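Colleague: Here is how the chains run, residue by residue.
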Amino acid sequence: MTDTLTAPPARTQVTPRHLTGPEGLDQLLIARLLERAAQFEGGGADADRLGRRLLATIFYEPSTRTRLSFEAAMHRLGGQVLSAESAGKTSSAAKGESLEDAIRVVSAYADAIVLRHPEVGSAARAARVAEVPVISAGDGPGHHPTQALLDLYTIKKELGRLDHLRVGLAGDLRNGRTARSLAVLLTRFAGNELVLIAPPGLRMGEDVRRSVGAQLRVQETPDLAEVAPTLDVLYQTRIQAERFESEAEYERYRGIYQVGPELMRRLPEHAILMHPLPRAGEIDPQVDADPRAAYFRQARNGLWVRMAVLDWAMAG
Amino acid sequence: MTDTLTAPPARTQVTPRHLTGPEGLDQLLIARLLERAAQFEGGGADADRLGRRLLATIFYEPSTRTRLSFEAAMHRLGGQVLSAESAGKTSSAAKGESLEDAIRVVSAYADAIVLRHPEVGSAARAARVAEVPVISAGDGPGHHPTQALLDLYTIKKELGRLDHLRVGLAGDLRNGRTARSLAVLLTRFAGNELVLIAPPGLRMGEDVRRSVGAQLRVQETPDLAEVAPTLDVLYQTRIQAERFESEAEYERYRGIYQVGPELMRRLPEHAILMHPLPRAGEIDPQVDADPRAAYFRQARNGLWVRMAVLDWAMAG
Amino acid sequence: MTDTLTAPPARTQVTPRHLTGPEGLDQLLIARLLERAAQFEGGGADADRLGRRLLATIFYEPSTRTRLSFEAAMHRLGGQVLSAESAGKTSSAAKGESLEDAIRVVSAYADAIVLRHPEVGSAARAARVAEVPVISAGDGPGHHPTQALLDLYTIKKELGRLDHLRVGLAGDLRNGRTARSLAVLLTRFAGNELVLIAPPGLRMGEDVRRSVGAQLRVQETPDLAEVAPTLDVLYQTRIQAERFESEAEYERYRGIYQVGPELMRRLPEHAILMHPLPRAGEIDPQVDADPRAAYFRQARNGLWVRMAVLDWAMAG
Chain C
54 MTDTLTAPPA RTQVTPRHLT GPEGLDQLLI ARLLERAAQF EGGGADADRL
104 GRRLLATIFY EPSTRTRLSF EAAMHRLGGQ VLSAESAGKT SSAAKGESLE
154 DAIRVVSAYA DAIVLRHPEV GSAARAARVA EVPVISAGDG PGHHPTQALL
204 DLYTIKKELG RLDHLRVGLA GDLRNGRTAR SLAVLLTRFA GNELVLIAPP
254 GLRMGEDVRR SVGAQLRVQE TPDLAEVAPT LDVLYQTRIQ AERFESEAEY
304 ERYRGIYQVG PELMRRLPEH AILMHPLPRA GEIDPQVDAD PRAAYFRQAR
354 NGLWVRMAVL DWAMAG
Chain E
54 MTDTLTAPPA RTQVTPRHLT GPEGLDQLLI ARLLERAAQF EGGGADADRL
104 GRRLLATIFY EPSTRTRLSF EAAMHRLGGQ VLSAESAGKT SSAAKGESLE
154 DAIRVVSAYA DAIVLRHPEV GSAARAARVA EVPVISAGDG PGHHPTQALL
204 DLYTIKKELG RLDHLRVGLA GDLRNGRTAR SLAVLLTRFA GNELVLIAPP
254 GLRMGEDVRR SVGAQLRVQE TPDLAEVAPT LDVLYQTRIQ AERFESEAEY
304 ERYRGIYQVG PELMRRLPEH AILMHPLPRA GEIDPQVDAD PRAAYFRQAR
354 NGLWVRMAVL DWAMAG
Chain W
54 MTDTLTAPPA RTQVTPRHLT GPEGLDQLLI ARLLERAAQF EGGGADADRL
104 GRRLLATIFY EPSTRTRLSF EAAMHRLGGQ VLSAESAGKT SSAAKGESLE
154 DAIRVVSAYA DAIVLRHPEV GSAARAARVA EVPVISAGDG PGHHPTQALL
204 DLYTIKKELG RLDHLRVGLA GDLRNGRTAR SLAVLLTRFA GNELVLIAPP
254 GLRMGEDVRR SVGAQLRVQE TPDLAEVAPT LDVLYQTRIQ AERFESEAEY
304 ERYRGIYQVG PELMRRLPEH AILMHPLPRA GEIDPQVDAD PRAAYFRQAR
354 NGLWVRMAVL DWAMAG
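Residue numbers (this note's numbering), protein chains in the order written: chain C, 54 to 369; chain E, 54 to 369; chain W, 54 to 369.
Any given hint might turn out to be false.
Stated by the list, open to error - Computed Cβ-Cβ distance ranges for the label pairs, DEER-style:
| no. | chain 1 | residue 1 | chain 2 | residue 2 | range |
| --- | --- | --- | --- | --- | --- |
| 1 | W | Gly334 | E | Gly308 | 46 to 52 Å |
| 2 | C | Asp337 | E | Gly213 | 53 to 59 Å |
| 3 | C | Glu153 | W | Gly95 | 43 to 49 Å |
| 4 | W | Gly334 | E | Gly254 | 51 to 57 Å |
| 5 | W | Gly308 | E | Glu298 | 55 to 61 Å |
| 6 | C | Arg350 | E | Ala84 | 36 to 42 Å |
| 7 | E | Arg256 | C | Asp341 | 36 to 42 Å |
| 8 | C | Arg305 | E | Glu76 | 55 to 61 Å |
| 9 | W | Glu304 | E | Arg319 | 55 to 61 Å |
| 10 | W | Gly369 | E | His217 | 44 to 50 Å |
| 11 | C | Ala84 | E | Glu153 | 32 to 38 Å |
| 12 | W | Ala342 | E | Asp341 | 40 to 46 Å |
As the list claims (entries may be wrong) - Which bits of chain W does chain E cover? Going by a derived footprint, with three or more residues having C-beta under 8 Å, they are:
| no. | segment |
| --- | --- |
| 13 | 132 to 138 |
| 14 | 218 to 230 |
To be verified - Beyond 10 Å from chain E on every Cβ pair, some chain W residues (computed):
| no. | residue |
| --- | --- |
| 15 | Gly77 |
| 16 | Arg105 |
| 17 | Arg214 |
| 18 | Leu215 |
| 19 | Gly254 |
| 20 | Arg262 |
| 21 | Arg319 |
| 22 | Val340 |
| 23 | Arg350 |
In short, the hints are calculated from the structure, not lab data. None of these values were measured; they are calculated from a predicted model. Even glycine gets a Cβ: it sits at the ideal position worked out from N, Cα and C.
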């Protein structure tokens, strides 16, 4: 042990490496992160790369799964964690503090911050005042960049490529940030086609539809059964009860697009079924045994991809 | 540091070592776990046995005490912890996710799972889908196997043996899972007698009464004062307000069996008074100074016993 | 790794080193702690001093900021943490357990306890039954000794001395424990003057006013603007909504003493503006860029000071 270990590692980077949305994720960085993730999965990287580093996971919205996967990734890299799993209720937010103030203070304690927050753009706001890297773990119905990265990792691993794929995104595309982020990242690779499968009231936001539509072929349809046979990837999502304004509005939509044995018969043999989880009825548990059901493998991939992101942000 | 440390430790066991109830705890395993616990208490074991391992503590019901004792045990063994102290409220459970799905995902991140859940049988359900050991920290009014183990450890340490004892279990035996589990484990040793001390409405469930009754002498009585002089162990429990259907029903029972100086005068000199804690009036704090009051020593024993259980589950 | 590491470090101190209020903090101990904090800030101390030690942070009231700063301090010293961020709701407290019982049990698991609790005197009560050091992280409207220490550290660092200062404490002095603790600690150094700036309904409690008034010059005024030009330190505090009995009473006071550019023009060039944070409108964010705005530097200092306190309590 040398004396220098007492102080937090020197912060020599002029600008911390933030990951607040899909913008900064160009093809080169994606390739680098996925390759690193594969190395971690294979066991071929130094386990103590983030020894003595501290990660703060600051969650203003509940998400045990995402929080634990980041924290597991940090521990697997030899680091330690400060955890705030209900920052919105039990912290200074309840006393009227701004997100910016909270981030300024936490960035004095930790070497990186993973932030989940209910407002679109919150991660970018945090990054503007933080002295350490800010990694978004979801900004309301905005984006969820590390989820999109692990989705890409899963597609690459399951299907062998990230280009010339026909990917169907189904469900609550208005509120589902994982579908939004994945749509954007699919534009980074050649020849992909996107099928947006949603009822009119849950269409993907115009911001993403327009920017994505300028770069790859996009089809929109409310009819999942019809397009299923044409897909390489069916990416099913949850109807996000917590984002609807009333119970009645939610009830209108829950139950659409339930994937069961019948739908699976329409999906090609080579295709895969993905879901960011948690599911609440959109996929029948009977489907779990189907080899094309990739969602639990997908969840497991989150560990390696988040290790790669933390490693990139902190160890460089 | 070798490269292999990056990956979670290899999972070579075909079936993980679950501990979901008293069933698997035969006399041999109990003896082994208690002996190991004694080694940990004595300081005579390698402190880094679980270095680089990750334990997830997933609590769907509040229990700071039990959670912290498992987490302390993991840290004392050199391991790290992922902690979800209100999984029922802040996690995907609120979004309609099944326990099975949650466990599948967490078992991809951690090397073992400690689960507290309000439903009877939940730990066994979790074990069926988990790829890593599942240790129950209580399944509603079902069982609490590590508590029963630390109770045995305490009895052994205080009285020198686990057989030919007359043990009185008092209080809310209908809802008290610790009393249920301890009753079952006492059948593993010869010559024990059980006195079930409860009002008619709070009798221990027939499932346990029948299986235990087939193996050792069981007496039932509502009269604590009368049987107190005959006991080697008085195991007092809390009336579990949160398990009653109405406040009125709870009020009928709270206050029965308060143990104070007078009752202690009826208890033999060599006997001990135990309580799984927390207490809420069932034992007068005046009793704390009595050398027979073993409950704080009992709580401390939880650390060694949980170290032994985690060590058995993960290091083998 | 030697075998002895398995057991918690031997507890050879007859009386643990508690820090439950400002009483024990005499000039000598303050000097020692601030010097140690400066060593930690400078990186000149062994980072592994608390290796293998466990800190329990038990918070019965929400305070993400304070909890994380203690936990960061523990990790920076090489130690590990057991964290209970809502002990009042999710723990045995909800089942009617006394604070004393909870502390007795936790002190069997951890090597020190950081306690936040809503009742005045709770930390001292905890210390009476704990077998390990108890560090108060605030006892309701009582005291907050580590905050006062980091305030002193900030003043020393910013102004070069701790004596012959004119310090204005502004805002909710009735409920603000940080102001109360700082007032007491300022009496440890020669020649300080205190200006208590509060409306009549929020005056500092008579207990502190009397004891402090016996040792240094105290002026009381409701007029912040008038006294601002005379101050070396303006210590602004939050109106503590959660301590008022009604919303209406809170509304009477919120908004007094808002510090903005105009007030800053009245503050001397050499003076500093402090705030224990979180703020909720008492300081205009426009002020943040003023070099005299010391509150974010102050928050950062909390890390070094809490490292010093934990080191003193556990490593001696």
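Colleague: All hints are to be evaluated individually against the structure, with a verdict given for each.
Modeller: Going down the list of hints, with the structure as the test:
no.: 1; hint: W:Gly334 x E:Gly308: 46 to 52 Å; result: 49 Å, holds
no.: 2; hint: C:Asp337 x E:Gly213: 53 to 59 Å; result: 57 Å, holds
no.: 3; hint: C:Glu153 x W:Gly95: 43 to 49 Å; result: 29 Å, violated
no.: 4; hint: W:Gly334 x E:Gly254: 51 to 57 Å; result: 55 Å, holds
no.: 5; hint: W:Gly308 x E:Glu298: 55 to 61 Å; result: 48 Å, violated
no.: 6; hint: C:Arg350 x E:Ala84: 36 to 42 Å; result: 41 Å, holds
no.: 7; hint: E:Arg256 x C:Asp341: 36 to 42 Å; result: 41 Å, holds
no.: 8; hint: C:Arg305 x E:Glu76: 55 to 61 Å; result: 47 Å, violated
no.: 9; hint: W:Glu304 x E:Arg319: 55 to 61 Å; result: 59 Å, holds
no.: 10; hint: W:Gly369 x E:His217: 44 to 50 Å; result: 47 Å, holds
no.: 11; hint: C:Ala84 x E:Glu153: 32 to 38 Å; result: 35 Å, holds
no.: 12; hint: W:Ala342 x E:Asp341: 40 to 46 Å; result: 57 Å, violated
no.: 13; hint: 132 to 138; result: holds (count 5)
no.: 14; hint: 218 to 230; result: violated (count 0)
no.: 15; hint: Gly77; result: 26 Å, holds
no.: 16; hint: Arg105; result: 7 Å, violated
no.: 17; hint: Arg214; result: 42 Å, holds
no.: 18; hint: Leu215; result: 38 Å, holds
no.: 19; hint: Gly254; result: 37 Å, holds
no.: 20; hint: Arg262; result: 36 Å, holds
no.: 21; hint: Arg319; result: 46 Å, holds
no.: 22; hint: Val340; result: 35 Å, holds
no.: 23; hint: Arg350; result: 32 Å, holds
Hint check: violations occur at hints 3, 5, 8, 12, 14 and 16; the rest are consistent with the structure.
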